[in-house]
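**Q** Take a look at the letters that make up each chain.
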Amino acid sequence: MYPEKKIEEEKSSEITGELILERKYTRSSLYKDAWKRLKKNKLAMLGLAIVISLMLIAIFANFISPYNPIERIKEEYLLSPSGAHFFGTDLLGRDIFSRVIYGSRISIEVGIIAVGISMFIGLFFGALSGYFGNISDAVIMRVADIFFAFPYILGAIAIMTILGPGIINIFIAIGVLGWAYFARIFRSSILSIKNKEYIEAARALGASNYRIITRHIFPNAMAPIIVYATMNVGTAIIVEAALSFLGIGVQPPTPAWGKMLAESLDYIDIAPWMMLFPGLAIVITVLGFVLLGDGLRDAFDPKLR
Amino acid sequence: MSENNKVLEVKDLKTYFYTDEGVVKAVDGISFDLACNETLGIVGETGSGKSVTALSILRLIPQPLGKIINGQIIFDGKDLLKIDLKSLQSYRGNRISMIFQDPMTSLNPVYTIGDQIMESVIIHQKLDKKSAKKEAIRLLEIVGIAEVRKCLACYPHEFSGGMRQRVMIAMAIANSPDILIADEPTTALDVTIQAQILELIDELKHKMNSSIILITHDLGVVAKYADRVMVMYAGKTVEFSSVDNIYYRPLHPYTIGLMNSIARLDEGKKGKLKPIEGLPPSLIDLPKGCTFRDRCVYGKDECRGRDYPPLIEIEEKHFVACSRSKEILENRIKQES
Amino acid sequence: MLFYIIRRILQIIPVLIGITLILFTLLYIIPEDPARLILQKGATEQALENLRAKMGIDKPVYVQYWRYLKQLSKGDLGDSYRYRRSVNSILAEHYPNSIKLALAAIFIEIVIGIFAGIVSAVKKYSFWDTLVTISTTLAVCVPIFWLGMMLQVAFGLKLGILPMSGMGDGSISYYILPSITLASVSTAFVARMTRSSMLEVMSNDYIVTAYAKGLSNFKVIVKHALKNALIPVITLIGLDLGAFMGGAILTETVFNWPGVGRVIYLAILQRDAPVVIGGTLILVLIFVFMNLLVDVIYAWLDPRIRYYKKEINI
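Residue numbers (the numbering used here), protein chains in the order written: chain A, 1 to 305; chain B, 1 to 337; chain C, 1 to 314.
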């Protein structure tokens with residue numbers, strides 16, 4: 001299925017020594033050039049601005065939101081948007097603006113931590129599979145196939161049912177399910193890099209496997225990983241929203257955008273603002289990560305544009 | 001060469017590319033003509049504009065980056081740059097056809113060889129499938145492919161580079177064109193195959209009474225097959241004359257440099273190979289004046305600042321664009337006498 | 001080719017066994033007594049005990065798993081804990097609805113996605129290209145359940161021209177909103193991929209050759225470029241079809257669609273293990289089968305692969 005040349009392990013134990021290669025130079029210039037191109041890309045900068053503002057909003061939520069997000073004001077239920085409640089109030093008289101502001105915390109946390117977990121698992125198995133090949137490659141890729149074949153949402157639902165609702169379990173569910181793709185791209189990057197001359201040179205000079213992976217392959221295979229990770233944060237945020245929407249994610253009264261959408265389902269005719277604002281918040285957040293990811297991809301590989 | 005003998009006339013052709021970095025003047029005021037049954041060689045380094053010249057003739061410049069901004073290309077009494085797309089399409093592949101540099105990528109991988117050759121015949125000769133197939137078989141036999149019937153159903157990836165180039169040639173000659181433009185037809189091939197392909201092209205030229213524009217950076221190839229040679233440098237013609245003049249009496253310092261840089265059997269061992277120092281200039285924001293002056297061994301300060309030297313007929317049918325060509329010619333005459 | 005297909009089908013088997021193993025282990029972890037689920041409250045301890053023995057769940061888990069596999073090999077997916085029906089009949093009732101919705105969504109994805117992608121590539125940097133780029137970027141960012149809700153409000157509630165939920169009498173109007181919702185993200189991906197694939201193909205040498213032959217613009221695009229450009233797009237569509245057929249949980253929830261995604265989702269919530277495992281197995285089977293189909297179509301479209309496959313199979 002994956003054709004590849006088999007490399008003979010050429011280890012000459014006599015020759016050991018530090019490698020003086022020009023790779024370091026090329027690496028830093030790859031990232032520097034990418035940053036230069038990224039700065040020129042207006043959409044990517046918009047994405048970056050959205051992402052940064054969101055993080056600031058999440059961090060300073062308690063300063064920004066005018067109300068306590070879980071405080072119920074009984075006589076102020078289902079109010080339409082006004083000067084006092086920018087986004088209106090929900091059935092329990094909670095301020096939707098404040099809830100949307102606080103909701104950013106959950107989304108950002110899930111996005112970053114879950115993707116971090118996926119990336120960690122994915123890189124580990126991807127490296128194992130791509131670098132050592134043979135049996136570990138076959139087994140890992142078949143297992144990855146299973147994860148691909150399994151619908152993402154369904155898998156997340158299954159794991160959440162077993163672990164029970166709660167934020168930590170969301171991290172785990174989304175994180176564990178997302179590893180396969182990371183493994184696959186990392187594996188293919190490694191396969192394409194490991195046959196390059198400078199790796200052969202390093203091997204010929206007797207560098208250890210660990211050293212070759214961490215010093216040589218890793219920095220060069222990172223570009224597609226960074227791009228995918230950025231995009232994947234958006235996906236993770238949507239999956240979290242879906243889980244909370246289905247009622248097995250974040251539990252009330254914690255404000256989460258997906259949960260707020262679920263609560264709005266019965267009132268879409270009389271209180272459409274209940275569903276409008278959390279939805280927009282999700283769209284803008286995901287848009288930020290997608291634009292940034294797109295920009296990064298173009299920046300790393302200008303040919304693709 | 002009389003006027004009515006010309007099959008193609010290119011006048012003051014300018015093709016520019018508008019890139020992010022600036023305007024690339026790939027072809028900047030090229031004029032030449034092509035006589036009936038003649039082989040015209042266009043030589044130059046990579047980036048000298050020779051391929052762009054070829055593509056410009058059929059208006060195949062990649063859009064929207066490239067644009068032909070000036071010039072006339074007179075063929076069949078019409079200006080190819082002015083006629084509508086439909087009539088242009090009736091010329092392409094029919095009366096003027098092209099052979100490209102890389103046969104590995106110039107054939108569509110998802111169609112069979114037969115389909116691709118038949119297509120050329122069908123669109124211009126309006127043949128039905130059956131006779132088109134017959135024609136394709138005939139063409140493949142002409143270009144020297146064995147087991148033709150089997151090959152028709154083959155896909156390009158099953159063929160070697162040389163075979164593919166033969167297929168490209170079969171497609172190009174399918175409608176017995178008046179002009180065959182061969183854009184570095186052998187660059188991507190093995191040396192042994194190169195000669196075969198060039199022989200084939202030359203042989204077909206005589207068979208079909210066509211004219212050929214042979215674009216190459218291989219001076220040996222030009223010497224063998226071309227009647228006249230146009231030397232290009234940085235988008236401009238620097239010297240244009242018969243193949244003998246270019247080889248034995250070059251007058252432009254660039255051409256002289258080129259001739260010194262190749263091994264020649266007729267000079268024995270006395271001449272050392274002398275590469276031309278330096279690199280061709282970037283085609284973006286070319287400075288005023290001669291673009292070769294920084295690499296020129298004859299270069300003087302006066303070459304800087306003034307306008308680009310015009311292409312003048314310094315001897316009969318020997319055109320040179322260099323402000324010092326007269327001196328060079330006089331020196332040459334002195335030496336010879 | 002046939003050899004290759006057979007080999008691929010054989011490869012599916014370990015994947016399926018792996019999935020049953022994972023699901024079985026996962027569901028075994030859930031501390032829930034199926035006997036209690038079936039008999040509900042008030043059943044005597046003796047009745048529970050009898051039922052457990054009858055179902056074999058008093059045995060160790062590997063015995064149960066082995067039993068399940070034996071049963072599975074006969075095509076029997078077991079009985080639901082919640083509904084007194086066989087899993088086979090539950091799935092047989094709901095699967096057609098999911099498949100119909102999936103086909104409707106795929107239709108939208110193919111027609112709109114590919115068309116938008118071609119226009120966008122051919123008229124690069126034009127107004128249409130910008131429009132396609134913006135709308136595809138946005139479509140990827142919109143959670144589909146929210147899109148579904150918005151469509152319900154707009155077309156069902158405010159305009160009142162389309163039914164808001166359910167399958168009704170199964171007429172076409174019931175399909176419009178759910179299929180648009182289900183197709184939205186994938187259509188955007190297809191449009192983007194078609195665009196970039198077209199652009200890449202259009203920069204190939206053989207396109208210049210085609211123009212140099214004297215072909216018209218239309219013919220070059222449709223005959224020479226499109227067939228090459230669609231090869232990667234076909235993969236994407238095939239995978240989507242597989243995914244749609246099994247996993248339209250969110251769309252089915254928002255639109256109250258009586259499909260299999262919803263059945264599996266409810267079964268998970270209700271700890272109805274046989275339905276979960278059976279439903280998921282079928283779904284994965286479809287997904288994997290679609291993968292295989294894609295590969296076959298792929299080889300048919302791209303002779304280079306056909307050739308390559310021939311090589312490695314010798």
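Calculated directly from the structure, the hints in this document are not laboratory data. A hint or two may mislead.
[What the hints assert, rightly or not] Derived contacts from chain C toward chain A, CB cut-off under 10 Å, selection only:
(1) Val61
(2) Val63
(3) Trp66
(4) Leu69
(5) Val140
(6) Pro143
(7) Met150
(8) Gln152
(9) Phe155
(10) Leu159
(11) Ile161
(12) Leu162
(13) Val254
[To be verified] Distance condition first, Cα-Cα at most 27 Å in a straight line; then the derived DSS-like pairs of lysine-lysine:
(14) Lys124(C) <-> Lys133(B)
(15) Lys158(C) <-> Lys86(B)
(16) Lys124(C) <-> Lys134(B)
(17) Lys40(A) <-> Lys123(C)
(18) Lys82(B) <-> Lys227(C)
(19) Lys123(C) <-> Lys133(B)
(20) Lys67(B) <-> Lys158(C)
Positions of the beta carbon are idealized from the N, C-alpha and C atoms, including for glycine.
**Q** In ascending order, which of the hints set out earlier in this document are inconsistent with the structure?
**A** 1, 2, 3, 4, 9, 10, 11, 12, 14, 15, 16, 18, 19 and 20
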